[in-house]
Amino acid sequence: MNAWNNIFAIMKRELGGYFTSPVAYVFLVIFLLLTGFFTFTVGNFFERGEASLVSFFTWHPWLYLFLVPAAGMRLWSEERRLGTLELLLTMPITTWQAIVGKFLASWLFLILALALTFPVWLTVNWLGSPDNGVIVAGYVGSALLSGAYLAISCMTSAMTRNQVISFIVSVMICLFLILAGFTPVTDLLVRWANPAFVQTIASFSVMTHFEGFQRGVLDLRDVVFFLSVIGFALFTTGVVIRGHRAG
Amino acid sequence: MIKVEHLVKSFGPKFAVDDVSFSVERGEVLGFLGPNGAGKSTTMRIITGFYPPTSGRVTIGGFDIVDNPLPAKRLIGYLPENAPGYADMTVHGFLGFVADLRGLKGAAKKKAVHTAVETCFLEGVLYQTIDTLSKGYKHRTCLAQSIIHDPDILVLDEPTDGLDPNQKHEVRGLIKRMGENKAIVFSTHILEEVEAACTRVIIIDRGRIVASGTPQELKARSEFAGAVRFATRSAAAAALGAKLAPLAARTEVVSERDGNVVMRAYPRERGGNGAFVGSIADLARRESWQLDEIHVEEGRLDEVFRSITLPDTVKGAH
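Protein chains in written order, with this note's numbering: chain A, 1 to 247; chain B, 248 to 565.
Treat the hints with caution; some may be incorrect.
Unchecked claim - Quick partial rundown of chain B residues pointing at chain A, CB under 7 Å, derived from the structure: (1) T295; (2) G296; (3) F297; (4) L317; (5) Y325; (6) N329; (7) P331; (8) P493.
No lab work stands behind these hints, which were simulated from the structure alone. Virtual Cβ for every residue (Gly too), placed ideally from N, Cα, C.
Please put together the full structure from these sequences, using the hints given.
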């Protein structure tokens, strides 16, 4: 009776939940259409004339801003709405096993969606000879980024039984994490604020930390940043759930 | 198996459960009775480890539910109120998931799912998703998940809610059968259910235990208990009353129609062991009343329940 069996059972159910309803297919189709549209049309993939996936990865923070909360909003609010939370938490499992199981299932789903963008990678390799190391780093960064957003969605989902509220709140938090380090915003801030202050704020932004991956740099600090956002958000999820039960 | 000591649960300033203590051993079926909002579900949620208690202690098979939740939860099968289930899962998938969480694997898992499905008559809907089920089937699906690991302890919150009369009968029979070698707590507000299935009853009102005992003991607290009810055509009610006056504390006419009188006579003291009914039978013989019916009333649980749980102001109006 070890922890991983429980986590695995919850993951299996959660992933099954995505694929037995149309949610998964709608999500995958929209994600793939949008990545294609942004990469090739808005990102001028062909006109750039360089063998890289910069125009592909640049859009990910913005794409995930709406798609990840959409995938994560039901995680806990649905359990609360159906009353299955009571069932789940009276099983012989710990709360963190349930949290981790649900999070990993959804993350796996997002990673699957990301993996399905492989035609982009094939295209760029067919047309030219890109640095595949940079591309791998980009994929790793993108997966971590989606994990961070997802953990935030988990947290907001635990706060309410209303999925719409959960979605809106997590979009707002993720938007803040983007804007804090988004160049046009930081440029604006620098005019009145102390540059050190602006830099501190920016260091909380996913943009700052995602940039390195796009350039092909796997910096440990960036990895730690994303993992700690995930850890913090999941920990808060646990606190929120405990709060509901304590009344 | 279940031991509850001085349990208190408050939500803000409101006490949902206020100093509740009881214990349930193997072979006992404890009925939890009370009006809506009396604290039945809250108590059950604390016993099963969903809510932490504000104060007090719950031990399940010797394990404290707060300090040592996992071994305690392993012993319990729980049917929450309203029988929740994952809407998009099939009955089979759902039971498989619960079996996984209960640590059942391979052949044991298959057998457990099969047994639970058979016990709760779910064969016909096995591959239907839960949101397409009728209320009765949904309820039975959730009941099936609670017994899947053959637990020593069952906590059932309104197990017959939403079932049709036949299903209610089945579930009561099931509770009674399982009660022979498990410790069972179930809540209900259907009184006949308590008489049919429980070995012991607790009546809870506004968070406090207001009465407890076997169904028979509680019924004996009814004002009807020990009264003799009889029917005759031989005399008018007034004449009967006059003759009975020396024997009974008081008499009342239940009905009088077309010369057919039904009366109830209350004994002067309780627990006369049939002496009272004997004296009335003697009187009837001497007066040569033709008795169509005579029996000693057992007392009625609904009457006890009402007299205990109605607020005093309402009681005065009756």
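Item to check | Satisfaction of the Y325(B) interface hint, Cβ to chain A closer than 7 Å | outcome: Check passed: Cβ of Y325(B) comes within 5 Å of chain A, closer than 7 Å.
Next on the checklist: Let's test the interface hint: is any C-beta of chain A closer than 7 Å to that of P331(B)?
Outcome noted: With a minimum Cβ separation of about 3 Å from chain A (threshold 7 Å), the hint on P331(B) holds.
Next on the checklist: Min Cβ distance, F297(B) to chain A: is it shorter than 7 Å?
Outcome noted: Result: holds, 5 Å to nearest chain A Cβ.
Item to check | chain A contact restraint on L317(B) - CB to CB distance below 7 Å | outcome: holds, 5 Å
Checklist entry - Does the interface hint hold: is T295(B) within less than 7 Å of chain A, judged Cβ to Cβ? => result It holds, given that the least Cβ distance between T295(B) and chain A is near 4 Å, below 7 Å.
Checklist entry - Can the hint on N329(B) be confirmed by a CB-to-CB distance to chain A that is less than 7 Å? => result holds, 6 Å
Checklist entry - Given G296(B) was flagged as interface, is its beta-carbon under 7 Å from a beta-carbon of chain A? => result holds, 6 Å
Item to check | Restraint check, 7 Å cut-off on beta carbons, for P493(B) near chain A | outcome: Check failed: Cβ of P493(B) comes no nearer than 60 Å to chain A, outside 7 Å.
In this structure, only the earlier hint numbered 8 is contradicted, and the remaining ones agree with it.
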